[in-house]
Amino acid sequence: MGRGRRFKKLYLSKIYTFTCGKKSLFNDEHSQIGSVGFSRVVLVNEPADKFENSSENNNNNNYADNVVCSTKYTVANFLPKSLFEQFRRVANFFFLVTGVLSFTKLAPYTAVSAILPLIVVITATMVKEGIEDMRRKKQDIEVNNRMVEMLKGSGTFERTEWKNLKVGNIVKVEKDEFFPADLLLLSSSYEDAVCYVETMNLDGETNLKLKQGLEITSSLHEYDFSDFKAYIKCEDPNANLYSFVGSMEFKEQVHALSPQQLLLRDSKLRNTDYIFGAVIFTGHDTKVIQNSISPPSKRSKIERKMDKVIYVLFFILFLMSFVGSVFFGITTKEDLKNNVMKRWYLRPDDSTIFFDPKRAPAAAFFHCLTALMLYSFFIPISLYVSIEVVKVLQSIFINQDINMYHEETDKPAHAVTSNLNEELGQVHTILSDKTGTLTCNSMEFIKCSIAGVAYGRGVTEVEKAMNRRNGLEFDDIMNSPDRKAPIKGFNFTDERIMDGNWVNEPHANVIRNFFRLLAICHTAIPEVDEDTGKVSYEAESPDEAAFVIAAKEVGFEFYKRTQTSLSIFELDPVSQQKVKRTYTLLNVLEFNSTRKRMSVIVKDEKGRILLLCKGADSVMFERLANNGREFEENTLEHVHEYADAGLRTLILAFRELDEQGYKEFDAKFTEAKNSISEERETMIEEVSDNIERNMVLLGATAIEDKLQHGVPNCIDKLSQAGIKIWVLTGDKMETAINIGLLREGMKQIIVHLDTPEIRSLEKGGDKTAISRASRDSIKHQLSQGAEQLTAASGTSEQAFALIIDGKSLTYALEDDMKNSFLDLATSCASIICCRVSPKQKALVTRLVKFRTGKTTLGIGDGANDVGMLQEADIGIGISGVEGMQAVMSSDVAIAQFCYLERLLLVHGHWCYRRISSMICYFFYKNITFGFTLFLFEVHASFSGEPAYNDWFLSLYNVFFSSLPVIALGVFDQDVSARYCLRFPMLYREGVENILFSWRPIISWMVNGFISSIIIFFFCSKAMEIQAFDKGGRTAGRDILGATMYTCVVWVVNLQMALAISYFTLIQHVLIWGSIVIWYVFLLAYGAMASSFSGNAYQVFAETLASTPSYWLLVFFVVITTLVPYFTFSALQMRFFPMYHEIVQWLRHKGKTNDPEFCAMVRQSSLRPTTVGSTARRAAKTNSLSLRGSTTDHR
Amino acid sequence: MSSSSAAASGSADSTAARRNTKRPKYSKFTQQELPACKPILTPRAVISVFLLVSVVFVPVGVASLLASRKVVEIVHRYDAECIPPSNSSDKVAYIQNSSVDKTCNITLKVNKHMKSPIHVYYQLDNFYQNHRRYVKSRNDEQLRDSSKWDSTSGCKPEDMANGKPIVPCGLIAWSLFNDTYVFSLNNKNLTVNKKGISWKSDRDHKFGKDVFPKNFQNGSIIGGAHLNDSIPLSQQEDLIVWMRTAALPTFRKLYGKIEMDLNEGDTISVTLKNNYNTYSFSGKKKLVLSTTGWLGGKNDFLGIAYLTVGGLCFFLAMSFTIIYFVKPRQLGDPSYLSWNRNPGGH
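Protein chains in written order, with the UniProt record's numbering: chain A, 1 to 1194; chain B, 1 to 346.
Any given hint might turn out to be false.
[To be verified] Estimated spans, in silico, between C-beta atoms of each pair:
(1) A/Leu116 <-> B/Asn111: 35 to 45 Å
(2) B/Ala80 <-> A/Ala111: 14 to 24 Å
(3) A/Leu1065 <-> B/Trp294: 21 to 31 Å
[As the list claims (entries may be wrong)] Simulated coverage check for chain B against chain A, where a stretch passes if three residues somewhere in it have a Cβ under 8 Å from a Cβ of chain A:
(4) 31-37
(5) 41-53
(6) 162-170
Simulated from the structure, these hints should not be mistaken for lab results.
As the structure is a prediction and not an experimental result, all values here were calculated from the model.
No residue lacks a Cβ here, since even glycine has one placed at the ideal position from N, Cα and C.
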């Protein structure tokens, strides 16, 4: 497309009053060029390779290439680096040390049996690391191999991969393509080298930015570039997105460069067919990538806590070893007194250092090392690797969840990193981006109020969600057959206006003016499809497009724009014919955030000069003429209604100018525009301000910033789950507020710096004065907000919303104020921060994270959210839209915000539960096993002889107990997904960290000690001294060891069976399988040559299997060991049930269809939810019903 | 919800395959909807489990106890009485004096009819056969394979004597128990069968048929028993039994079998040689005659344990029954939830 020029050659810069046409002036900063920090030299169109032999000119060669690399390892450093990473973990290091020690004589077991599990564990982890890095590599390759047209030596543009770009290359970027590197804009498809850029990926702002090349290069075309040469000096690569200092020497003249000419990597060309640009920064030098911090390695809270528990275990381990060594030292010393041997059979007189009574302290020390090795079974060596395996499998389940698959974009959920799965179950605060995350960034014209009459029957997403809660289904209306195919940006139905019916309305005249205004007052460009004659629009912002489309749908079709005129088709009310009208465009007074309005001045065919204006209600009503306020009251009411429904409103008004008045204005305006003094902008503003007065009100429009599908419902569920939601957006305050996070009756505390005093100070330009005044103002506003809160704390129903803008946030985040800011914020129900920079997003996230100490989740879709995503405990990227930055730096990528509900409430909850019970269980099983070793030592004078065969020891963690626990970590569910969603309160278990607080951890550990004591005590007592079988032989170390070991295997597996609440075939196979494997192993191992199997030789086949006392003992010990836990759980279920147990109970009883019962369970929270439609509904019913009862009735 | 999604995805499956989308394949496994049994601890389940355990445990306990009670056992401690009173001040010196005859006569009274075979055990006390130094001090290769007669690694300090390797080497063999017993009933010798007192696998695979003791007990200190150099190790069952080390410091080892019934009231006189030194570590020595039942030797512990736990479970079952009947409570009652119990922390 795009090649054939469809636009007439347009000097678009003429439309713009404020932003365009500013001369780039040399100012202070430019003088720094060439000095430190401003030393970059770019030879345009002289790529390095041409100058290989000339040392002087190959500057370009020194710069980084355009390859982006985000991998952690390379082939060369993978082994050492990942090994280093592995052994940084305390537990792994410990096992490495014991592994090395096991080659010495100290070892209580053979070295191979000790080192093998470690090798298995380390290898598994490294394989996992390798695979993850490969995946990143793939993504890099995808980005690096995107195609762009680059000027080749032959003088033609040829497609090449991004990675081949070098500094100085000239590239051609076409519409809707991303810029491959930071480019200097040379010329575009517009004559004046203007182009539109979407920077959503960088700063999150939705409106298009206008960039303009230097005049001197604007005339260059495709074939002029082969002999284009220029010499650019500019600043060194830096992270500042909004500044650029440089100069270009072209045709022996030096021109100043400004950010106006810089096109940044990862922004997107819009509304412009193509541009030509010279590459200035490549690869890691680009501002985007300079901005991105290297991805922090995140560890979940549970893992951090687990480390603490492991330290506790280490402590116990050292304690046991120490106690053992002391006893050992004493007994050893006593073996030889005055050359009299006590335990002569040990030959203490002729001993090695390890058992030498003469050097008892040394022996005790060495024994301590031995004991550390022996009791190292306390530390679950396979815990880390099991967790890694489990997490990978969990992420596969997340990736495979069909309910998180987005049909339209063909994107399933994708867990980018797998080590935060359980963190998803503990989220306390969500920090969300708005555009592209909560909203689709598509605006729909949905309602309007014209001449005091409200039109439009469209239903907003927010209303839908509320109605659905109330039991009404609106889908019928939405799906009714007579609904036409939806038009993007238009969701307006009202037969009073549509299809030309407006002419019959009482105020037809006003209606005509209203839509005419919509068709004229904008800066959009029509594109006429030559085949079908259909018109589409290229607009700066989606709202603007929505207006033009609305006008078109009603019958005022804007179809042509020239330099000086706009042409529309409109319906003539008299003849009922479409007639063509052309308006001469005199001036455009564009929108900006201080003006909050935009106007055009046009002359219609009759020669009337009209000022058409649309703007925010806060500025518009005061600008109405006294005779123009006819509909003010009704309009105001409607505007409030719309705002409540979460719509963006604009007020439309117009004014007829007389010839004289216009001439005066025009003269002043031209003067202001042409002035080059610093006052220029103020002057333009003043002139505009004077003319935009005495207007006649037409009505108001309501645009729905279309929320993504299911967002209100999702927010509702999340807040029921006790999750707080902050919205951090780059958007303007007005647009940020109306997104359905607020509910009526919610008091808004707005913190901003838009006060007259500050503004006047800003004009003065005294920076210190401004910041002092701002700081004071913010402090004051914050304390006022806090007062409001305390005043309202008596009346519990009142909920507050805090709205703060980016500028204020700068001050609020300062050290002395951030605490009061956060205190205020945490007591508000919803918090909206608008116009925040990417950096501020990250700062706010960090503040929340560190100050509350709770888990934060960042969710966003653009590169501007990257900081936030990386700073938050969990970063979620929205992958529905283009641009990979957010997804690449996120931990989980989902296609739509609403999948967050399932991701958190179902997967997060499950993963949290699984991982925490898995870890607890791991501790349990290792303590059960490890402590029997210690108890045996007590009866073996602490000599360090293990109770079990070497291979029993080393395979315990690998074979006989690991698979069921992995199954627990992957498959267990307390309740099914359906119940997780139905009872969002379940999620609170994660937020409160009930399942992995010290209480359950210690209970499990105690349970382990109890099991271990029961096993050892009963086994040793029952086997004691008497004959073991009918044959009269007694039980030796081999038999006692094998029996105890059998008991341990049975107990830990059955304990698992008791602990899990979800028994699928897999669990059955693995649990019973593990026990069977133990017997199979015992048989197989016993059948091997006795030189290998040692004292386990034929121990099962010959001795155990045929002996009734073995089986009776095992049966007894196993059941008895489980009794304490079973009793405990029964008591807990009876007296202190946890929420999931109540839900399980509900499900079990089949009471889930009993609404009263469900409501009771849901109501269990005494804390009212504060946002979301449930809360809204509750607030409504509360205000209706008499105060007191907080239950909501169906 | 799950059913509708299942239906939707089911219909989309076929199209998905054609279009080659990234749509996850639907299966009950990937969607974590596998049919499962989800047991929860309902009162009924709890009570029935406890009842079941007690119903099983009590009879098993009774049976075990009976089995143990049926076993007849005679235990006689002789380490103290076999020291002549004159030597009682320094028992160690007495036992280490190899020139003294250590014969000692004791009598055992049979209080109950003992059915053949009657097992003869010696019981040692406070003897750490499970000490690491002790356990490791042997060389299995040497015991098994006659060609490896000189491999004595791990046997120190009992590896070499007079510069030659010892077979069998190591502390265990060296400290072989060497008290001997001769039984007579009414002045008629009772034969003690010493065959088949060890495990068959040991005889067949761990102790070689062609490995003969060499250079054994030739060192400076004599530990325990001497071995007959002309009998292969696989037939030296005392050694085999001894070398299967005990798990706990108090242990019995099989000495032999008397294959003859003993009647109530019989008095057996035992002529024993009190050679083995347990005095230096103050260990007791006991001679044990015992029959066996299907559960092995005499030990009431298992039976009592079964009965106790069975009883306890019955008690628990009753308590839970009472709790459920007397104070039934709606399980859905949320006031027990942790975040409601301490409303301060949210």
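Hints and how they fare:
no. : hint                               : in the structure
1   : A/Leu116 <-> B/Asn111: 35 to 45 Å  : violated (55 Å)
2   : B/Ala80 <-> A/Ala111: 14 to 24 Å   : violated (46 Å)
3   : A/Leu1065 <-> B/Trp294: 21 to 31 Å : violated (38 Å)
4   : 31-37                              : holds (count 7)
5   : 41-53                              : holds (count 6)
6   : 162-170                            : violated (count 0)
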